[in-house]
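K.L.:
The lines below spell out each chain.
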Amino acid sequence: MYTYYQKMEINQDILKKYASGQCSGGDKHLVEKWLNNDSWDSIAENKDINEEIGSDLWNNLATAISPNRKLYWAKLTAAAAVIFVLGFSVFHFSHPALNNVTFTNTSVENSKLFTEDHYDVQLSKNSTANIDLVNKKLTFSGDFIIKPKRDFELLDSNHNTLIFKAGREYFVSDSPDFGKIVAFQKSDLAFLPSNMQIKIREQFQSI
Amino acid sequence: MKRLLLLSFLAISIFSCSRSPEKNINPNFVFCLFNKEETPTSLLFSEHLDDTNSPTLEIPLSTSRIQEREYIYKNGFFYRLSSQTSLFKKYQLQGSSLVLIDSIQLKNSDFETITWKDDKNLVALCRENLTENTSQARLYQINVAAMKIIKEDTIVLPFATKEYKALHLGLVDIENNNLWIAYSFFKSSGKYGHTTSDTTYYATIKYDSFKLLNVQKETRSTYPGGFNIIQSYSFKDEQGDYYFMTNPGIALGNNLKLPTAIFRKKKGQQLVDQDFMINISKSIGNHAYGIWYAGNGKAIIRNEQKKLYTDFSNYHSVYQFEYRIVDLKSGYIEKIQFPLDKGTQKENVWTDTKYVYIAIDDAHDEHRVWKYNLQTKEISKGLKLPNTANFTVRMNYMK
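Residue numbers (our numbering), protein chains in the order written: chain S, 1 to 207; chain L, 208 to 606.
Don't read these hints as lab results, they were simulated from the structure.
Treat the hints loosely; a few may be bogus.
In silico contact screen, one side only, chain S against chain L (beta carbon under 10 Å); selected entries [what the hints assert, rightly or not]:
no., residue
1, Lys112
2, Asp143
3, Lys165
4, Glu169
5, Ser173
6, Ser175
7, Pro176
8, Phe178
9, Lys180
10, Val182
11, Gln185
12, Ser187
13, Ala190
14, Pro193
15, Asn195
Result set (DSS-like, lysine-lysine): computed pairs, CA atoms no more than 30 Å apart in a straight line [as the list claims (entries may be wrong)]:
no., chain 1, residue 1, chain 2, residue 2
16, S, Lys186, L, Lys281
17, L, Lys372, S, Lys199
18, S, Lys125, L, Lys394
19, L, Lys372, S, Lys180
All residues carry an ideal CB built from backbone N, CA and C; glycine is no exception.
Produce the entire structure from the sequences given, and follow the hints as far as they go.
P.N.:
Encoded structure:
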């Protein structure tokens with residue numbers, strides 16, 4: 001029996017495109033699925049990916065560096081400067097403002113997903129959360145999963161600072177079962193007793 | 208944002224490629240590494256446990272950490288049950304890739320405890336209803352050579368109470384065509400917590416008919432064994448006597464008033480030997496999890512230190528775990544002077560006749576195999592693991 005992921009064409013080209021932000025919507029979705037898939041066979045064609053990407057990038061670097069070194073670096077520096085200025089201005093002038101939002105999930109059965117500019121948040125049943133990026137404060141009851149799209153820190157109601165990094169995924173809970181307010185990453189969750197993990201998985205099918 | 212993850216993956220690939228030729232290594236050991244900065248988990252293959260600079264091969268897995276360390280290694284193949292799809296899959300290392308060989312669909316998504324009936328037949332027990340309404344176990348016998356389910360049935364284990372009705376399947380052994388299962392019951396407390404009742408049960412069941420032959424009760428300790436595809440809780444010695452531990456500490460059973468202990472079922476006996484019990488908690492003042500046989504009547508245990516952690520928020524991340532050697536005859540327990548380790552429920556101990564090898568993640572952020580000489584009791588350094596590692600959650604011998 002073969003799974004959907006296995007049929008996926010995850011290859012060198014698609015990974016390079018993904019890394020440089022040139023993937024089409026469908027391909028992007030496939031790569032992201034691959035990255036989050038719990039299955040080892042998501043590394044179909046692993047050998048090719050490993051060796052070709054590794055050696056190609058390595059070779060490219062090696063060949064690029066040897067001839068016309070000064071000119072190459074001048075060009076590279078200039079290009080980097082342009083990209084930096086462009087990037088900075090885009091970031092500076094178009095980045096959405098920090099906000100202060102309250103989320104509520106009154107459902108007694110299902111979790112609920114909210115998509116914001118700076119993060120996605122999935123509230124478990126019967127949970128509320130106020131995420132105040134302006135004053136860097138978090139007040140909540142229940143638990144949620146947050147996927148930050150930028151780095152930020154929030155002070156919880158016990159005056160502990162919780163650190164959130166872009167691209168990661170955090171399980172945040174005020175359940176006394178953990179001792180205090182926790183913001184666990186996936187690697188932390190793997191160390192909890194299995195019964196706790198099963199219950200967290202039941203709350204959030206996505207984790 | 209996942210580009211960050213992808214870039215990390217590329218970085219690992221480049222790092223591995225530039226470090227060694229990576230081809231045609233004939234690995235004797237495999238490590239499962241949870242890496243820093245939430246980069247993908249990886250398997251690291253090595254020929255030696257000594258610090259010899261011999262080539263290693265590192266294969267990144269995915270970034271989905273939950274249950275990624277829950278695999279079975281046997282005779283050249285890796286087996287893994289997906290909690291998402293309930294597919295039981297068989298992989299093999301070929302060159303520098305993990306290749307999917309075959310898969311079969313099961314109805315359950317979590318193995319609780321397993322044993323091998325013989326080299327080809329895996330016997331795995333699952334809790335049938337994870338939402339705690341019943342006390343039933345599901346048994347699979349899978350021929351892993353043919354990847355076929357040979358036997359599959361529900362076993363009803365008695366003595367659930369109204370209060371403690373959720374089943375914990377802790378240990379399984381097969382001897383003389385009898386199935387022996389150690390189990391206990393737990394109840395939920397709060398949203399995520401649980402606590403185990405005061406009793407351990409040992410059931411002997413005719414394997415062919417699943418007829419229950421007898422149930423033995425033990426109240427001196429509880430929560431026998433644990434998820435043994437994560438960590439080892441039993442072994443057989445040179446005589447074939449079966450030793451196992453109970454784990455009522457916070458990380459597993461969470462019934463803290465009862466002690467962690469070692470028990471024994473002698474070869475050929477259906478009942479656990481009532482005269483044998485090593486009370487670990489009484490000896491060392493802490494709970495332990497994990498037991499590995501070192502030969503000649505000696506076993507290694509891994510213990511927590513309650514003075515060093517506060518609760519689950521830091522249990523796995525503080526450097527608290529010690530290793531001790533237990534004399535099974537006298538019950539004498541001696542500490543091995545290794546650096547303190549971190550990480551809950553690790554499978555990181557291997558022994559040959561001369562040394563005990565333990566992969567430790569120490570407070571200096573050094574990830575290394577340490578050696579303990581069973582004769583001289585000296586400790587020394589072995590293989591250094593990549594500094595990209597955060598937790599070395601498994602170390603398996605591959606031969």
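K.L.:
Output the numbers, in ascending order, of every earlier hint that fails for this structure.
P.N.:
1
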